[in-house]
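Model the full structure from these sequences, guided by the hints.
There are 2 protein chains.
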Amino acid sequence: MQLATVALPDGATRAAVLQDGGWHALPAPDLSAFLRSGEPVRPGAELPGAVPVLPLPTPAKVLCCGLNYAEHIREMGHELPSHPTLFAKFADTLTGPSEDVVLPSGLRVDWEAELAVVVGATLRRADRATALAGIAGYTVANDVSVRDWQNRTSQWLQGKAWDGSCPLGPVLVTPDEVDPAAGLEVVCRVNGEEVQHASTKTLVFDPADLLAYVSAFTVLRPGDVVLTGTPGGVGAARDPQRFLADGDVLETSVSGIGTLRNTVRFTA
Amino acid sequence: MQLATVALPDGATRAAVLQDGGWHALPAPDLSAFLRSGEPVRPGAELPGAVPVLPLPTPAKVLCCGLNYAEHIREMGHELPSHPTLFAKFADTLTGPSEDVVLPSGLRVDWEAELAVVVGATLRRADRATALAGIAGYTVANDVSVRDWQNRTSQWLQGKAWDGSCPLGPVLVTPDEVDPAAGLEVVCRVNGEEVQHASTKTLVFDPADLLAYVSAFTVLRPGDVVLTGTPGGVGAARDPQRFLADGDVLETSVSGIGTLRNTVRFTA
Numbered sequence: 001m002q003l004a005t006v007a008l009p010d011g012a013t014r015a016a017v018l019q020d021g022g023w024h025a026l027p028a029p030d031l032s033a034f035l036r037s038g039e040p041v042r043p044g045a046e047l048p049g050a051v052p053v054l055p056l057p058t059p060a061k062v063l064c065c066g067l068n069y070a071e072h073i074r075e076m077g078h079e080l081p082s083h084p085t086l087f088a089k090f091a092d093t094l095t096g097p098s099e100d101v102v103l104p105s106g107l108r109v110d111w112e113a114e115l116a117v118v119v120g121a122t123l124r125r126a127d128r129a130t131a132l133a134g135i136a137g138y139t140v141a142n143d144v145s146v147r148d149w150q151n152r153t154s155q156w157l158q159g160k161a162w163d164g165s166c167p168l169g170p171v172l173v174t175p176d177e178v179d180p181a182a183g184l185e186v187v188c189r190v191n192g193e194e195v196q197h198a199s200t201k202t203l204v205f206d207p208a209d210l211l212a213y214v215s216a217f218t219v220l221r222p223g224d225v226v227l228t229g230t231p232g233g234v235g236a237a238r239d240p241q242r243f244l245a246d247g248d249v250l251e252t253s254v255s256g257i258g259t260l261r262n263t264v265r266f267t268a
Numbered sequence: 001m002q003l004a005t006v007a008l009p010d011g012a013t014r015a016a017v018l019q020d021g022g023w024h025a026l027p028a029p030d031l032s033a034f035l036r037s038g039e040p041v042r043p044g045a046e047l048p049g050a051v052p053v054l055p056l057p058t059p060a061k062v063l064c065c066g067l068n069y070a071e072h073i074r075e076m077g078h079e080l081p082s083h084p085t086l087f088a089k090f091a092d093t094l095t096g097p098s099e100d101v102v103l104p105s106g107l108r109v110d111w112e113a114e115l116a117v118v119v120g121a122t123l124r125r126a127d128r129a130t131a132l133a134g135i136a137g138y139t140v141a142n143d144v145s146v147r148d149w150q151n152r153t154s155q156w157l158q159g160k161a162w163d164g165s166c167p168l169g170p171v172l173v174t175p176d177e178v179d180p181a182a183g184l185e186v187v188c189r190v191n192g193e194e195v196q197h198a199s200t201k202t203l204v205f206d207p208a209d210l211l212a213y214v215s216a217f218t219v220l221r222p223g224d225v226v227l228t229g230t231p232g233g234v235g236a237a238r239d240p241q242r243f244l245a246d247g248d249v250l251e252t253s254v255s256g257i258g259t260l261r262n263t264v265r266f267t268a
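Listed in order, the protein sequences are those of chains A and B. Just so we're aligned: 252 in the numbering used here is position 252 of the first sequence, and the numbers increase by one with no gaps anywhere. Just so we're aligned: 133 in the numbering used here is position 133 of the second sequence, and the numbers increase by one with no gaps anywhere.
Short derived list, chain B residues pointing at chain A, Cβ under 8 Å:
hint : residue
1    : K61
2    : G66
3    : P81
4    : L86
5    : F87
6    : D92
7    : W149
8    : S154
9    : Q155
10   : W156
11   : L157
12   : Q158
13   : A161
14   : T218
15   : V219
Keep in mind that the hints were calculated from the coordinates and are not lab data. Backbone N, C-alpha and C fix where the C-beta goes; we use that ideal spot for every residue, glycine too.
Shown next, in the form of structure tokens:
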């Protein structure tokens with residue numbers, strides 16, 4: 001099943017489910033509100049002209065795992081970890097699947113294609129099985145990172161939480177249809193050139209591990225988002241380093257879910 | 001002027017302002033909602049039996065500055081910074097001024113007394129003057145830190161975001177009544193013994209610096225909270241190290257604002 005927040009021709013948004021190739025209304029203005037409502041998925045009227053936008057506009061928590069693919073861990077010069085490296089973003093950090101990523105000029109902006117997990121239950125000190133059962137579904141993210149700010153201090157937040165920098169979407173696919181353990185292909189392209197390509201099979205901490213681990217210290221609730229980390233191939237780890245330029249088209253895909261297509265724009 | 005969220009004898013909460021020694025109603029269920037409403041402070045009916053509780057139950061953003069007092073920076077083994085070190089907490093991390101701090105047993109739990117700044121305006125790429133004018137007021141926080149989790153990886157979040165670990169309050173005092181630049185005394189006591197004592201005069205980055213810096217990458221809105229960092233004297237930097245024990249009474253004060261008094265409880 002595919003769920004989304006869709007924009008309608010009149011400018012309103014609506015939570016929706018894909019059925020027979022068309023988006024059908026769910027009783028909430030967006031998928032954040034729908035997941036929080038706890039309502040079952042009962043497709044309503046078809047929504048002509050519906051276009052998927054940022055699926056989760058108001059998560060209370062967005063957590064991200066760094067250093068979670070062996071190859072990326074090595075390229076960044078770290079040892080394989082015994083615990084997930086976690087940092088936060090804000091709801092404001094997220095943007096839609098086809099929005100421009102607009103940032104001030106002069107920043108060193110890098111790509112990080114990622115599988116994102118969306119929470120579907122209240123998880124508090126959950127074990128792995130409970131965490132797995134509490135996954136609402138999966139979506140695609142690009143943890144676009146401002147490397148110069150990320151590396152100003154020991155804590156990455158200020159390079160990871162620029163408003164509108166993290167594309168998310170286009171849809172949420174439920175766990176009966178995609179299984180990260182079976183291997184989803186995570187791919188990032190810049191202007192059509194493939195720069196990252198890895199399988200979620202090689203995640204050090206899988207989605208259930210991450211949700212269980214996080215829930216040991218903070219409760220997760222329906223609509224919260226956890227980014228699972230990026231594989232090798234980021235621009236900062238290249239020789240020479242490569243960062244995004246004004247007008248670059250960033251495409252981020254996870255097989256079985258979909259593709260984000262965002263143009264990077266630098267402003268004064 | 002002192003503002004608070006108060007609990008009433010019937011169990012409800014209310015935003016309130018102190019006038020002539022009594023709490024008077026403001027038109028919102030709590031101070032988060034009141035600050036977001038943008039309403040002016042017009043004291044309503046007196047609220048007999050009102051008791052200050054967690055002043056800001058639903059901030060969208062809680063950011064914290066680490067390493068912001070020269071003495072604490074040295075005790076943690078770091079150089080004086082050119083940029084603030086920032087990390088996040090969640091609304092769930094906060095607890096009230098007299099609540100128990102309840103954590104699982106076996107953790108290395110440390111104190112960090114701090115001045116907290118509460119945002120009163122929408123700040124986006126604000127300069128220092130705009131940031132200063134956008135401060136709603138100041139309150140007291142203890143950035144209680146789970147050191148073993150904080151040090152598991154490079155990113156501190158997992159030691160800094162335990163639900164209900166960060167006491168905040170008891171009141172918000174407006175900037176016309178307290179001035180961190182003039183020197184507020186930040187004091188932490190454990191079972192009556194003073195373990196931290198410093199003046200906000202010695203902050204490396206002051207409240208306006210921090211709000212301006214944060215607003216360069218993410219918008220701040222009324223009710224958001226920024227913790228300004230802790231001075232020297234934390235337990236992890238002692239020789240031998242000292243951590244909080246079950247039943248310890250943690251008192252956190254900032255002169256001109258008030259005192260938090262929280263008992264630490266470890267559960268199975």
